[in-house]
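Enquirer: Be aware that the sequence shown starts at 1, since it is given in UniProt numbering, and climbs by one per residue.
Simulated from the structure, these hints should not be mistaken for lab results. Do not take every clue at face value.
[To be verified] Once the Cα atoms are required to be at most 20 Å apart in a straight line, the calculated EDC-like pairs of lysine to aspartate or glutamate come out as:
id : residue 1 : residue 2
1  : 13        : 24
2  : 78        : 90
3  : 153       : 24
4  : 153       : 8
5  : 13        : 163
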Amino acid sequence: MNGQLDIEPLLDKMEAGLRQLLQERGVSSPALIGIRTGGVWLAAELARRLQLQEPFGELDISFYRDDFSRIGLNPKVKPSSLPFDTADRDVVLIDDVIMSGRTIRAAMNEIFDYGRPASIILATLIDLGARELPVQPDVRGLALTLETSQRIKLRGPDPLRIELEQA
Numbered sequence: 001m002n003g004q005l006d007i008e009p010l011l012d013k014m015e016a017g018l019r020q021l022l023q024e025r026g027v028s029s030p031a032l033i034g035i036r037t038g039g040v041w042l043a044a045e046l047a048r049r050l051q052l053q054e055p056f057g058e059l060d061i062s063f064y065r066d067d068f069s070r071i072g073l074n075p076k077v078k079p080s081s082l083p084f085d086t087a088d089r090d091v092v093l094i095d096d097v098i099m100s101g102r103t104i105r106a107a108m109n110e111i112f113d114y115g116r117p118a119s120i121i122l123a124t125l126i127d128l129g130a131r132e133l134p135v136q137p138d139v140r141g142l143a144l145t146l147e148t149s150q151r152i153k154l155r156g157p158d159p160l161r162i163e164l165e166q167a
């Protein structure tokens with residue numbers, strides 16, 4: 001089955017979940033960081049929805065992957081950009097899809113290289129389960145189980161859309 005999932009209700013759920021969690025934790029000035037590429041698109045949308053004035057950060061975790069020596073360097077690697085200090089900040093790390101947890105582990109390693117944050121909240125659009133590491137999102141738009149022949153991809157940035165494809 002090829003098709004699209006409606007992204008708006010998932011973005012609404014992420015926004016509401018983040019607002020509630022930030023309020024519960026007393027976080028008034030979160031530092032948003034998106035993981036390239038889909039996480040950056042989501043960070044831009046969530047920053048707009050949350051009416052944050054500070055620019056969001058962008059991570060390219062290519063050098064931090066635990067399979068770097070096996071898969072090599074992606075030719076489209078761009079430097080990460082964090083326009084703020086992460087030391088003692090409450091960070092919201094944003095990715096489009098979480099599956100094994102390895103991308104998030106790599107992203108947290110890179111964030112700590114910039115400075116030790118006070119906390120990290122993980123927000124993902126889609127949670128596919130299948131963890132290899134004990135990493136769970138604090139906020140998620142949708143938990144989804146795919147067949148082995150299916151793939152899901154966030155396309156964008158304008159408009160953002162989720163495509164479900166047969167592999």
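Enquirer: Evaluate each hint against the coordinates.
Expert: Structure-based check of each hint:
no. : hint       : result
1   : 13 <-> 24  : holds, 16 Å
2   : 78 <-> 90  : violated, 25 Å
3   : 153 <-> 24 : violated, 32 Å
4   : 153 <-> 8  : holds, 15 Å
5   : 13 <-> 163 : holds, 19 Å
Of the numbered hints stated above, those contradicted by the structure are hints 2, 3, listed in ascending order.
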